[in-house]
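The listed protein sequences correspond, in order, to chains A and B. For the first sequence, this note's numbering gives the first residue as 1, with consecutive numbering after it. For the second sequence, this note's numbering gives the first residue as 1, with consecutive numbering after it.
Just so you know, the hints here were simulated from the structure itself, not pulled from any lab data. Treat the hints with care, as some may be off.
Lysine-lysine pairs mimicking DSS-like chemistry, simulated, CA-CA at most 25 Å apart [unchecked claim]:
1. LYS316(B) <-> LYS208(B)
2. LYS240(B) <-> LYS51(A)
3. LYS208(B) <-> LYS221(B)
4. LYS170(B) <-> LYS240(B)
5. LYS170(B) <-> LYS221(B)
6. LYS29(B) <-> LYS51(A)
7. LYS311(B) <-> LYS51(B)
8. LYS23(B) <-> LYS51(A)
9. LYS208(B) <-> LYS164(B)
Quick list of the computed label-pair ranges, beta carbon to beta carbon [claimed, not checked]:
10. GLY255(A) <-> LYS207(B): 31 to 41 Å
11. VAL36(A) <-> ASP49(B): 48 to 58 Å
12. VAL34(A) <-> ILE218(B): 38 to 48 Å
13. LYS205(B) <-> GLY237(A): 52 to 62 Å
14. SER39(A) <-> PRO48(B): 39 to 49 Å
15. LYS168(B) <-> GLY57(A): 28 to 38 Å
16. LEU31(A) <-> GLY32(B): 38 to 48 Å
Glycine included, every Cβ here is placed at the ideal spot set by N, Cα and C.
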Amino acid sequence: MHYDASGKGIGISSLWRDVTKRKYTIQVLVLVGVVVLFSVLINIASDSLQKQNIASGFGFLAREAAFEIGETLTSYSAESTFGEALLAGLLNTMLVALLGNFLAVIWGAVVGITSLSHNLLLARLARIYVDTLRNIPLLLQLFFWYALITEFLPAIRDALNPVPNVYLSQRGMFFPMPEWGATHGWALVALLVGGIAAIFLYRWQKLRQQHTGQLFPFYRVAAALLLVPPLLAWLIGGAPVELDVPVLQGFNFEGGLALTPEFLALSLGLVLYTGSFNAEIVRAGIESVKKGQKEAAVSLGLSRSQALRLVVLPQAVRVIIPPMTSQMLNLTKNSSLAVAIGYPDLVNVANTSMNQTGQAIECIVIIVFVYLSFSLMTSAFMNWYNHMTRLVER
Amino acid sequence: MRIFIAVAALVFAAMSITAYAGKTLDAIKKRGRVRCGVSNGLPGFSSPDSKGKWKGLDVDVCRAFAAAVFGDSKKIDVVGLSAQQRFTALQSGEVDVLTRNTTHTLSRDTALGLNFAPVNYYDGQGFLVRKALGVKNARGLNGASICVIQGTTNERNLSDYFRKHKMKYKPVVMENNNELFKAFMAGRCDVFSTDASGLAAQRSKTKKPSELVILPDIISKEPLAPAVRHGDDEWLDIVKWTVYAMIAAEEMGITSRNVKRMKKSSDPDVQRLLGVIKGNGKAIGLTETWAYNIIKQVGNYGESFERNVGKNTPLKLARGLNGLWTTGKNGLMYAPPLK
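With these hints in hand, go ahead and build the complete structure from the sequences.
Here you go:
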């Protein structure tokens, strides 16, 4: 065996004798193994496909899809391509994932904090909710919500009308939407400006508090900053109030904003199910902060809510984030159960595509790629956030 | 994880195809049973009865294969498949043959790597609506919500038809036939659309079939035929001629009741079909009594039709296109000579 002056191995044999080099050697070997395995598998598969005369390749993405999709965020129609169909499905998946995660985190926080409440009734109710929903398979819950909407809400002609122009039926919920005009664009710009101003205000008041100890009524001023400019823009624009109102025409409501039973059932199911896990994570996070922290905060003169907001939660967040990340990933992946209740998410559209084209492997590769990138992006973002909030040791 | 498993399954499935190609009959004989992929509960075509025994027109074809190969129509394994699963199940060798009201189309015959046997039911896509809706024909469906099963020719026909007539519709697409029909019955959709035979089958399952009407319009051609994997001609021949034998038997007036007597017939065509004059069995690679066994145990095409979907069943379907060509009406059933 050869050693150099520092005691490290040299020559070829050092690749597995030297501890630091061995780490890399093993990784490279594993990587090569995986690549070889997959290329062999892909080769055999494409060989067999060829023998069976089954079409392969991604050329089908540019062909006309010739099937309709129930609800899309794009201007998709049957004349669009398979690529556009998959994009429409992808956007539907993203809509459910973003909205679902946003609501599930808030809902989880509310329920988690409630389950620690001093109000025994509320705390018990929160516990029952968490224990029940966590232990029922999500698919069953989705069927339940879907059946609830389609079986128990009235038929479209007898739609409930709780508020003028809002309709509730087994075909979903229908809302009026403001008729979009230039004024609304300016109001949006004003909102953006107000938001940016609020961010600067936040930094300024934080610095001022650190230097002088003076408190600033930030939340009230920020709320005014967000509300007043858009309102002003809207008033200056002549205060347009035209609404795009849903109207029963023929078989269905036309106009306004429609939320289909599939979308409602899927979102509701995902939020309530994932929310129950999130609640447990939040509760565990808060309980992980030592009691003394809160007592110390209260003895310094902070109110109970200030103690929670300024002392307990910032410490709890560090415990909460890693498991919360995996729940976010879970919700995103679980959204593929949409197939069962007919919401046209990516998997649903890809299923139809693979059946129309017969190119199952390609479609599944696309699905895998999309969910993998979703997951990697979510964890990258959460890792960054985790890094931001970790304990800084001085 | 689910998706990862699916990929692995697909890749391995694609690999395993080679192992089966050209050897389907050997595999069937070794296993001792014919494995057929059928629809998940479509009354009249394939659905389990109260004792869990599969019955229907499509199941009869499967039994006929077993009768031809083993001389025993009971030697079948029936696998219920959704429209979405069926082609993968066949391609991967999970089933030997699809007898699952599958439409014969060019792209399935080519790009999907299938081969189709003769049609065993001529169908067309129609619309089922509630009588209370007051719709008289398909042109009155502009703007309707339509429930349609995923992975079928129906999805595409629907969009073609509405495009052609410049009408709009909102599809609700699900993989599970039964969940979808439940949603339609609940009122989620105005219309349920699939092959007309399927509409009759679904309607027969409801509590008050008279409240539902099938619109008169048929918007597509749906020749439903058994399908096998591309590349195994020997097995394709058996599947093909089994279907023909049942049609030919009806043409010649041979039924499960009189088949024993018909062996003494002086008609050489009958004698060839029943194996009295030898030759057909050897040519196709089976025993000489293959067709005799089919007719004896399963019956001819007409018997199977009447037993499962005909006038005296809940489906009440007329022979129509599925009558014999020889009757001179508009029947399309026609078997080439079995000689």
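Verification of the hints:
1. Between the alpha carbons of LYS316(B) and LYS208(B) the distance comes to roughly 15 Å, so the proposed pair stays at or under 25 Å and holds.
2. Of the pairs offered as hints, the one joining LYS240(B) and LYS51(A) holds, with about 22 Å between alpha carbons and a cut-off of 25 Å not exceeded.
3. Taking the CA atoms of LYS208(B) and LYS221(B), the gap is near 29 Å; set against the 25 Å cutoff, the hint is violated.
4. For the given pair, LYS170(B) sits about 39 Å from LYS240(B) by alpha-carbon distance, which is inconsistent with the 25 Å threshold.
5. The hinted pair formed by LYS170(B) and LYS221(B) meets the criterion: a straight-line CA distance of about 23 Å does not exceed 25 Å.
6. Restraint check: the Cα-Cα separation between LYS29(B) and LYS51(A) comes to about 24 Å, which is no more than 25 Å; the hinted pair holds.
7. A C-alpha spacing of about 24 Å is found between LYS311(B) and LYS51(B), which places the hinted pair at or below 25 Å, so the restraint holds.
8. Of the supplied pair hints, the one linking LYS23(B) and LYS51(A) holds, its CA atoms being roughly 14 Å apart against a limit of 25 Å.
9. Under the criterion of a C-alpha separation no larger than 25 Å, the hint pairing LYS208(B) with LYS164(B) is inconsistent with the structure, at around 34 Å.
10. The hinted range of 31 to 41 Å is satisfied by GLY255(A) and LYS207(B), whose Cβ atoms lie roughly 36 Å apart.
11. One distance hint, 48 to 58 Å for the beta-carbon pair VAL36(A) and ASP49(B), holds here, with the actual separation near 52 Å.
12. In this structure the hint that VAL34(A) and ILE218(B) lie 38 to 48 Å apart at CB is violated, the actual value being about 53 Å.
13. For the pair LYS205(B) and GLY237(A), the supplied restraint of 52 to 62 Å holds, since their beta-carbon distance comes to about 58 Å.
14. Hint check: SER39(A) to PRO48(B), Cβ distance near 44 Å, so the stated range 39 to 49 Å holds.
15. Separated by about 33 Å at the C-beta atoms, LYS168(B) and GLY57(A) satisfy the suggested range of 28 to 38 Å.
16. Between LEU31(A) and GLY32(B), the C-beta spacing of about 46 Å keeps the proposed range 38 to 48 Å intact.
Consistency with the previously given hints fails for numbers 3, 4, 9, 12, ordered from lowest to highest.
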